[in-house]
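Protein chains in written order, with our numbering: chain A, 360 to 1164; chain B, 360 to 1164.
Hints are supplied without guarantee of correctness; some may be wrong.
The list treats identical chains as interchangeable, and a pair is accepted whether it falls inside one copy or across any two copies.
Said to hold, decoys possible - Straight line, CA to CA, 20 angstroms or less: simulated SDA-like cross-link-like pairs of lysine to any residue: (1) K952 with P836; (2) K569 with D1038; (3) K982 with E405; (4) K485 with S384.
Keep in mind that the hints were calculated from the coordinates and are not lab data.
2 protein chains.
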Amino acid sequence: MESIMIYVPIILAVLGLVYMVIKQSWVMKQDAGDGKMKEISDHIYEGALAFLNAEYKLLAIFVVIVSILLTIVSVVVPTTHWLIVIAFIFGAVFSAFAGNIGMKIATKTNVRTTQAARTSLPKALKVSFGGGTVMGLGVAGLAVLGLTAFFIIFFQFFMGGQWTTTGDMTIVLETLAGFSLGAESIALFARVGGGIYTKAADVGADLVGKVEAGIPEDDPRNPATIADNVGDNVGDVAGMGADLFGSYVATVLAAMVLGNYVIKDMGGSISDAFGGIGPILLPMAIAGVGIIISIIGTLLVKIKSNDAKESQVMGALNLGNWTSIILVAASCYGLVTWMLPETMKMEFFGEGVLEISAMRVFYATLVGLVVGAVISSVTEYYTGLGKKPILKIVQQSSTGAGTNIIAGLATGMISTFPSVLLFAGAIWASYAFAGFYGVALAASAMMATTAMQLAIDAFGPISDNAGGIAEMSEQEPIVRERTDILDSVGNTTAATGKGFAIASAALTSLALFAAYVTFTGIDGINIFKAPVLAMLFVGGMVPVVFSALAMNAVGKAAMEMVQEVRRQFRDIPGIMEGTGKPEYDKCVAISTKASLREMVLPGLLTIGFPLVIAFVPMIFGMKNMAIAEMLGGYMAGVTVSGVLWAIFQNNAGGAWDNAKKSFEAGVEINGEMTYKGSDAHKAAVTGDTVGDPFKDTSGPSMNILIKLTCLIGLVIAPILGGHIEDGVTSELHQTKKEIKVEFITNNIITAVVANTRIDSKGNVDRDVEVLNGSEEELKTKIAALEVGENINVNITNNRKSNFLN
Amino acid sequence: MESIMIYVPIILAVLGLVYMVIKQSWVMKQDAGDGKMKEISDHIYEGALAFLNAEYKLLAIFVVIVSILLTIVSVVVPTTHWLIVIAFIFGAVFSAFAGNIGMKIATKTNVRTTQAARTSLPKALKVSFGGGTVMGLGVAGLAVLGLTAFFIIFFQFFMGGQWTTTGDMTIVLETLAGFSLGAESIALFARVGGGIYTKAADVGADLVGKVEAGIPEDDPRNPATIADNVGDNVGDVAGMGADLFGSYVATVLAAMVLGNYVIKDMGGSISDAFGGIGPILLPMAIAGVGIIISIIGTLLVKIKSNDAKESQVMGALNLGNWTSIILVAASCYGLVTWMLPETMKMEFFGEGVLEISAMRVFYATLVGLVVGAVISSVTEYYTGLGKKPILKIVQQSSTGAGTNIIAGLATGMISTFPSVLLFAGAIWASYAFAGFYGVALAASAMMATTAMQLAIDAFGPISDNAGGIAEMSEQEPIVRERTDILDSVGNTTAATGKGFAIASAALTSLALFAAYVTFTGIDGINIFKAPVLAMLFVGGMVPVVFSALAMNAVGKAAMEMVQEVRRQFRDIPGIMEGTGKPEYDKCVAISTKASLREMVLPGLLTIGFPLVIAFVPMIFGMKNMAIAEMLGGYMAGVTVSGVLWAIFQNNAGGAWDNAKKSFEAGVEINGEMTYKGSDAHKAAVTGDTVGDPFKDTSGPSMNILIKLTCLIGLVIAPILGGHIEDGVTSELHQTKKEIKVEFITNNIITAVVANTRIDSKGNVDRDVEVLNGSEEELKTKIAALEVGENINVNITNNRKSNFLN
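Bound conformation, chain A alone (with noise of 0.2 angstroms):
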């Protein structure tokens, strides 16, 4: 190992939660207010920890079972080693501290946050912030220490800390797969029960609180009301802190997976001053660096006058974000020049290697920075108070809750329109600047502010929670004015937040499906072989299935709420009168069991199909490859339908709940003012309560479901793919590389590369590559093929064309 480049990362990572802890203690000292307060909000803490517990508990066992199969696939399969097992455990042990840190700041921030809005809005939002700060940074502090110290660990046990061939560092990048799916397994339990929890305590909390006994929001009668709380934090905090870390993890593992296959297309090895792996080390860099960036972000984030309303808020916010963003965007420029090649040779299918400047790298990672800007823009287009979409779901409201329903759902289905064009933008030009790697560095750049993003999403929860203490503890008005403010502005981040997550999720599911690609060997995904056809259809319709069935849930486990306060009501004397005393553990623990209960059967949706797929054609003896192309077909089927339910649900939900916020402050509806309790209102909540499972349930887990179904085809590739061209598994194949050329037209050459796979049995397979181009063009593919590996290259010339040799 010749550079200390190597251990910036996790230096940076560590400066990261060095910061954290400090900001954390300085949260904690912050008065957390008198006894009433206090007590509401040991409530929600003790809630958040009875879901963390049962939580862990459901983990621990998942993690065992899978741990098992993933030694037994390492101990059967001789391209996969056991050390992934470890990376697996760390990764879902380091995500759900990541959450636990999250939940735990969250709840105690809270009620700080309310205590401080009776001083001024400046120190609430400086406390409620800061909380938020500490979560971002916890979360993306850990991610990149966690992956960072695999990668070292692995790279001394595989390679001895040197660069060997790119087959070893596929060794690695595979083990370190582990690692991520860890984090998105955590991530699955986290977004998906996380997002159950809440709607199922929010939904059964207003059902009987505010319909049936006619008690407002938050009300401390409502034994379901800390349940609801308790929600706001499971699903918002504790799930979308999971959600981004494992986009943050599974993003720059891809990003480092293709870096290697740059390296491979380079020749096997290149010299730089970062020991030959400059390609591999950027993403990591990147992350490291985004950390300090984001610290930086949050400290702009203050307002100073105590009048101030909510666009000075969002104004410090944005301010925070989009400096960001061009730090991030300017480190990457100096990252991308100091740390790679000035020009490196890349593949690009169908037109062969081309050389590339390192400067194209840079530009898809602007490309990257602007998906995330541009798509939080179209998010809050389409769900933001006062915009025209919304506005006319208010004007459909007057006609009935029918024609709400539609105009939500038709806003929702058109928000796919520009989204979708903007990723499909964006992986043409990311592609088109840097091949798969571009698409993968794209998608690290734009989360490399993931510290910063998620302390902006945090806030609103916190304040959000603040505002119910302030309710009810029964604080002066202009407590909950205060703490008003912020939730609104939280309302605003939470949006354009999930629209982050969705793109995260995108572009990371676009790079580990490259990585996929390229771990497996298959020349690519051809949907026009029937077998791939039909998968495409089957991942397309797995997303669809996974939504109803997250709705289903929210609405069985909110059924059980309701019946359990209906029993209280009922059965605890003077609870109504505030004399009695309502049970909340037990509907904390009625939210906790139902939700994980609920989470069972999509869960193993995700992760059943992607093994159906490739280990079922096994059994009847289908080919390696040909299953490989087939689960490749199914992650685009769950990765295109995934990302176009993902918009129309987050953004239908988006926009119901605003239309019906937006009856609060009053509406003109065919010339009239139009107010809550309206039949226009009433219709609004009825959108609203489609749009709940919506936004922060189903919605939300198609993240989930995309990632850990591209993730699952990456751990799996090995095992269908086997690495041909290394040394580890030499014993089992005989392998023989073999290039002609042979066709010769107008100067345009063709060659063919015959890789030839015999195993054990003596079954022969074989790949063939073929190379077009001028004989200049030639000359170079062929240089960039990795001969004088461990590889029987041989190179026959014996017609016509002499350039060979």
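Could you slot chain B onto chain A? The hints should help.
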């Protein structure tokens, strides 16, 4: 031309049309009732004619524009012949004519059914089903007649009625694609425009009539009631007819294209008793025989008892339907074994050319028949009265409209699970049996009973109309009871018919998709290429946006209807007392105008996207093959997403509809019988409002969207592909085909076939095909290459292998 067989389908089609005329005159001879009935029926008839006339005007403009575009293309692009314009015009005219026959007979049969219902139920069924039969035979007869006639003409024109080369046959079939494009264009107007019409009228009539004025459905005082009844015919009769007409033609065409490729894979010519075109004639023969079988099936649909209930009527329909399916299976066996060579050679992607027995093609047709039958059962399960999903929605209605909506959405979403697995299994199985030729023949077999399916479909809206006329003309209750029995059965057949239409659209699109790949000559569609993946995303988005536009269109058109009805209630004195006469024609005019205006945007979306994808990159100098692959990715995206959204929307809509209807007979909710007028019923009505555009507008439109997209792709294909292997373009291209055997390991030999094209500018484009296999297998594969055609085949054999001679 050695075989008379080419004329047989045309004869069968004419026989079908003759039987249709006989049946038509029988229906017309039936008693059309007395004054009031006749008056109402005339209003509906005139309204239908008004819509048709307005539609034809818009159609004429559309046909002229497209014809001009196609003419330009055929002049500029040497691989496209101007005769495609003629075929296009005739395709449009034939489809429009079939729609015209259907609309006229349906609007004449309705009143006769009412009149017959005054006598007896068996008589009413005989009349209404007679009308449906006329419709079904009109569509199927004209489809087969037109397609077959043009095939014979083009076969004469381009090939002199004698087999020459597969290249020439490709020109014949490409030109024939114009007929299919014309037919599907009309379907766009009829299905999308018709869908908007029917729901705008329905919703408009209900909102002002039932809700505001409190008068019952089908009340003659409601000015929109005639438009509503016209709408049933426009949407369910003409729309469905044009949809299946399009599927029928496109399926047979695609099967013919793939039949030509079977001949190509077999060495470029075969000798059989059918002038060497058996595989091409087979799909036409199945279609022709299907017409006669459908006639037999319709003859079995009758009941004897005047006290029959729904189940007996349904039983009669099922008897006819199942008989025709079984007869088609039997005739497929006969035709396949008679018309196909005992063994054929087909290329399977990635597996090379394999030998296939004719029996396997027969198995593929069975797959199609099974899909058609099973998809109907799946649809029936998810949308049928008394089935579990519906009961669940009913239960969820008790907690309000919100939960009813969620339950309906979830039902539609979950219903994609069995449906998509069925399709995926069908693709896989029929491909495994007989390649893409098998997929196309599976579709052809399923579509063979089109006439029967349409008869069953059209009988529903006719009975619905008959009930309306009974209501409006104030018949005795027994009359309405009888028509209600028919209507109720009609509702079930409408739902299953929609399932059949989706299945037909899905299989048709797949067949077209396969034909597209063979037309362009690309090696497949590799979604690992970023631009292709980007287009897969864009394609996935289009059905979602299209659906939203269609839903919004219904909303807008319905609002215009509401305004007009309100105006009439206000301005026409005595209208509510029944003394003033409502201006029915104004409402008809509004529906007509609005529906045709609102379909322009979704129509442009459908046609515009493929054109932009094909031609914009061309301007930027992208290679045709790369564009062809991108367009293929787009087509796949549209198909996968479109099928999903079709199933989702149709089944959700159907489920809401029947959940609402469940309240008519009363349902048990939480142990209590609940009826119409309850809060739960009101919630169910809201669900139905959302479901109406789902199941009657946006859902069915998906069929057209996916088929038309694939057809446009097929028509563009020759522009992108060019026929490198036929004589017509030889002045433009130099073509060289070379085969080399190079790599030999353990008896597995790899040969490489290079196909080099040099265009007039000297640019070289080379496809390389790799053949893998044992010596024996390779001999077969190489024999299957088009050696001996107008290709410069140059087999070299310069190393190790000596079996190529």
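Which numbered hints turn out to be false for this structure? 1 and 3
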